[in-house]
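Assemble the complex: chain S is given as a structure, and chain D must be docked to it using the hints.
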Amino acid sequence: MENLLEIRNLHATIDGKEILKGINLTVKAGEVHAIMGPNGSGKSTLSNVLVGHPAYTVTEGEIIYKGKNLLELAPEDRSHEGLFLSFQYPVEIPGVSITNFMRAAINAKREYLGQEPMNATEFLKMMREKRALVNLDSKLANRSVNEGFSGGEKKRNEIFQMAMLEPTLSILDETDSGLDIDALRIVAEGVNKLKRDDTSSLVITHYQRLLDYIKPDIVHILYNGKIVKTAGPELVMELEERGYDWIKNEN
Amino acid sequence: MDCVQEYIELFENNRTLIDGPCCKKLNEEREKAFVRFKTEGFPGLKDENWRHTNVAKKFATNFGMDLGRKSATSNIKGSFTCDVPNLKTYKGYVLNDNFVADENNRLLPEGVIIGSINEIAALHPELIGKHYNSLAEKGDSTVQFNTSFAQECMVLYVPKNVVIEETVQIIALLQTNVEILTNRRLLVIMEENSHASLLLCDHSATERESLSTSVTEIFIGRGASLNLYELEETTDSNTRLGNLFVRQEHDSRFNHCNITLTNGFTRNYVEVVLDGEGAETNINGLAIGDKMQHIDNRTLVDHRKGHCTSNELYKYILDENSTGVFSGKMLIRTVAQQTVSQQTNRNLCLTSCAHMYAQPQLEIYADDVKCSHGSTVGQLDENALFYMQQRGIPAEEARHLLMYAFAGEVIDNIKLEALRERLHILVEKRFRGELNHCKGCNLCK
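Respectively, the protein sequence lines represent chains S and D.
Just so you know, the first sequence maps onto residues 92 to 342 in this note's numbering.
Just so you know, the second sequence maps onto residues 638 to 1082 in this note's numbering.
Since the hints were derived computationally from the structure, they do not count as laboratory data.
Treat the hints with care, since some could be wrong.
Sample of chain S residues lacking proximity to chain D, with all beta carbon distances greater than 12 Å (derived) [as the list claims (entries may be wrong)]:
no.	residue
1	Leu116
2	Glu122
3	Gly158
4	Glu172
5	Arg194
6	Ala211
7	Thr212
8	Phe214
9	Glu220
10	Ala223
11	Asp308
12	Met328
13	Glu341
Okay, the calculated beta carbon distance ranges per label pair [unchecked claim]:
no.	chain 1	residue 1	chain 2	residue 2	range
14	D	Tyr994	S	Met209	42 to 50 Å
15	S	Lys339	D	Ile1062	55 to 63 Å
16	D	Ala1032	S	Lys286	27 to 35 Å
17	S	Ile155	D	Asn723	50 to 58 Å
18	S	Ala322	D	Ala1032	34 to 42 Å
19	D	Glu1054	S	Lys286	44 to 52 Å
Computed from a predicted model, the values in this text were never measured in an experiment.
Even glycine gets a Cβ: it sits at the ideal position worked out from N, Cα and C.
For reference, chain S alone in the conformation it holds in the complex:
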């Protein structure tokens, strides 16, 4: 299997403070990686740096994605290249309907790929199909993006967008946070249905809960800006039993 993503010695800062202190990580096509770790270890920073959030500065290292230097691409172009982040805190956009938002996103991607804009009928059919995947109420589609949505609706909307954009590498940043057990199952089932042999995921989570539904191939522990342990799925159970303290003590 070829490498989809290669992170080499990645250092990143925010407001001059170093958060990532030399991350090395390789994701092959088709793999599901879980990144776990205590609060403040740098999990969300890693996902933000991957998608090009302007608040973070990469000071050292490189990221190769699909053989390209990811750090040279604008955030929108990273998206067009198949990178998707399910936000930990999805943003409310008053006045922009989900339909218009998705149409702008889909057509920007098609333009990037040299394709014609999608026609209205085709687009609405696609919206309907993908909505069904995560049981997203049709009424929500006409509402402003995330405005007044419940926590569960926001996360389902993230997975709905993921379904629409069909990413190659999806990053799920604490997608389980704020979800009750039913919502969690719907979201996880949505992610599993979208899984293909050539697509990969980075599942960032604090707890093992989500990983009961989305089975990782490889589990990493991020602590103090570095990956301190990498193992198979059995590591999840070990963390559940022992907590994070032994990791902190070892490092």
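Structure of chain D alone, referenced to chain S:
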């Protein structure tokens, strides 16, 4: 010699010429107004109401005025239709400050009068005598200036129980090869239980320095309703001083939306007096500025009777070096119990050079009311921009979507669907920089 003195001399030396084509009422009111203008001059920056808008400086240009009524003979109808797609309108034209009737108009309902005050005054002296300048009389010195020099006033009269289904569209156009100052007037009288929609388009087809003062007086009778839409599409070289005075009786309704799409230097004053129980007023404004544009909106909603409702929403989007001023006052008098009043002002400053001065004011003397107001100034939400970029929407497009969404709230309050659709398109084009100049008429493209 300062410019006030020049205008005084212009007036005094040309009195016969000014009075010539006008009805008696216009000349009577002119007499009184001029006395006030002569004493007060133009407001300066020390005047609290004009603190951020230096209007005296604008009058200092050596403008020409068409006191001999030369442009009255011009014909603009053929070249300037100003059609809104899917919206049938009854049209009237104002070229510079002359009223030009459109012979192609469809028939209006029986009893409706539209035309020049100088003709209508002869047929209905009482109607004109009772209403003309009765609201604007107490206006500030710029209003007195207008009353002093105005030689024409367009009148719309809608009799009791009459509903005008079609929108009445009044298209004002500046067309000139010289620096020009125009004084426009409009008088609207809505009798009991009548209804009309009025669209006022303010255009400029000149790159010359121009200044237009306008005074609009509107009387809305018991149970009557009026929708008023004002759209300014002028140029960098234009100064607009708009004054709108509205008086509402029992259970009447007034919906107003004032959009500054392109302009130079604009001041709009809106005063609504709720003078009968159960009256409702909704006043909205949208101002889009860039370059060196200046947009000042000042409003007063005067609750003089109980059980009235007022809603106000003004939004500004200021780019580059533009300046916005909003000053909105809600006055709830002692007798105005059970008033429901709400005022919202939201502003976006897209650059660090754009300035917004916001001054929301509530003055409440009654003790049983429900009132609220809020004002914010901010930038585009960086988190929302990034969220959109992550989904593949390019940064520039994301900015447009957010600006468009921000403006949309005001446009969505427009009740005429065809106009609403049209304005959505115009505003979007404006943000994309496709409306930098008003070349003729953007509404018809």
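query: Is the Cβ of glutamate 122 of chain S farther than 12 Å from every Cβ of chain D?
result: The assertion about glutamate 122 of chain S holds, with a minimum of 22 Å to chain D.
* Cβ-Cβ distance between glutamate 1054 of chain D and lysine 286 of chain S: within 44 to 52 Å? -> Since glutamate 1054 of chain D and lysine 286 of chain S have Cβ atoms about 45 Å apart, the given range 44 to 52 Å holds.
Task: Separation of arginine 194 of chain S from chain D, once the least beta-carbon distance is taken, above 12 Å - done: Its Cβ does come within 12 Å of chain D, the nearest being 10 Å, so this is violated.
Fill in: Claimed clearance of chain D by alanine 223 of chain S, with the beta carbon kept past 12 Å
holds, 20 Å
key: Pairwise beta carbon distance, tyrosine 994 of chain D to methionine 209 of chain S, judged against the given window 42 to 50 Å   = Hint holds: Cβ distance 45 Å, inside 42 to 50 Å.
Task: Range agreement (Cβ of asparagine 723 of chain D with Cβ of isoleucine 155 of chain S, hint 50 to 58 Å) - done: 54 Å Cβ-Cβ, so the 50 to 58 Å window holds.
Assertion that threonine 212 of chain S lies farther than 12 Å from chain D (Cβ): Consistent with the label, threonine 212 of chain S stays out of reach of chain D, its closest Cβ about 21 Å off (over 12 Å).
Would you assess whether glutamate 220 of chain S, listed as outside the interface, keeps its beta-carbon beyond 12 Å of every beta-carbon in chain D?
Answer for glutamate 220 of chain S: holds, closest chain D Cβ roughly 18 Å.
Note to self: Minimum C-beta separation from glycine 158 of chain S to chain D exceeding 12 Å: can you confirm that?
What the structure shows: Given that every Cβ of chain D is farther than 12 Å from that of glycine 158 of chain S, nearest at about 20 Å, it holds.
- Is the nearest Cβ of chain D still more than 12 Å from the Cβ of aspartate 308 of chain S? holds, 25 Å
### Claimed clearance of chain D by glutamate 172 of chain S, with the beta carbon kept past 12 Å
Contrary to the label, glutamate 172 of chain S does not stay out of reach of chain D, its closest Cβ about 10 Å off (not over 12 Å).
Next on the checklist: Verify the CB-CB distance for alanine 322 of chain S and alanine 1032 of chain D against the hinted window 34 to 42 Å.
Outcome noted: holds, 40 Å
Hint compliance for this structure: hints 4 and 5 are broken, all remaining hints hold.
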